[in-house]
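Trainee: With my numbering, the residue at position 122 of the sequence shown is 104, and numbering never jumps.
One or more hints might be untrue.
What the hints assert, rightly or not - Within a straight-line C-alpha distance of at most 20 Å, the following computed EDC-like cross-link-like pairs (lysine to aspartate or glutamate) qualify:
1) Lys9 with Asp50
2) Lys92 with Glu54
3) Lys9 with Glu32
4) Lys92 with Asp50
Derived by calculation from the structure, the hints in this document are not laboratory data.
Every value quoted in this text rests on a predicted model; they were computed, and no experiment measured them.
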Amino acid sequence: MDLEGKVAIVTGASRGIGKGVAVALAKQGVHVVVAARSEQQRRLPGTIVETADEIKAMGLSALPVRCDVRDEESIEETVSKTMEALGRVDILINNAAVGTYDPFLELPVKLWDLVIAVNLRGPFLFSRAVLPSMIDQGWGSIVNLSSLGADQLTSTAFATDPEAPPTIVGQAYGVSKSALERLSRGLAAEMGRHNIAVNAVKPSRPVLTEGFQFQRPDADYSLWVTPESLVKAVVFLARQDASGVTGAVTTDQELILAHGL
């Protein structure tokens, strides 16, 4: 599917993987809505304005819209602004996410609720908001960013000591990503008759982003990878409709090898 002239909303696009996806889609001729909470500089580097300005500096199209994926009204406003400015929504990239590594018995209920709200409820609400227009136009693609934490119970990703035992993946994070994968498969089955593809993709190895470096500055990141291969996989899935790849829950490397990307 040619992406030239399509319209995409990318959540969590002020930095990291989301920013990489937004820039890559723009280079394919997509009008990108850069959606995230970071409208002004905070603790972490990167804002929606900076991402949009970087895209515009290349002569490409970007619209920064402040959006909190926990808030249904904020999501509806983002979709409304997109429709007003660009007239359609063809692609939704559900990338915004938060994580926690607290042991289960030490995990505050508020933190559990936050992770579920951002990682699962957010994609649910955003998908509901964009699907009516996708159905009307007879085409759409939703890509949900999952994680190895959906499957793995332990991880050495943040180890500072090579002899240390693996740590347990945070329950809230793992549950949210596992449920997101189930949502992706189920929604693909429902939306196939409308020519809408829904897929979930995750990195085959931990991806180094500003957020992780900020949270764990002392961790060993020597085996982590940059976002390029994951971004490439997301762009490939963004091209799909129901006649192509849909209902997939896969890693970036599996997609790259299977489709010669």
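Trainee: Output the indices of the hints that this structure fails to meet, ascending.
Mentor: Of the numbered hints given earlier, the structure breaks just one, which is hint 1.
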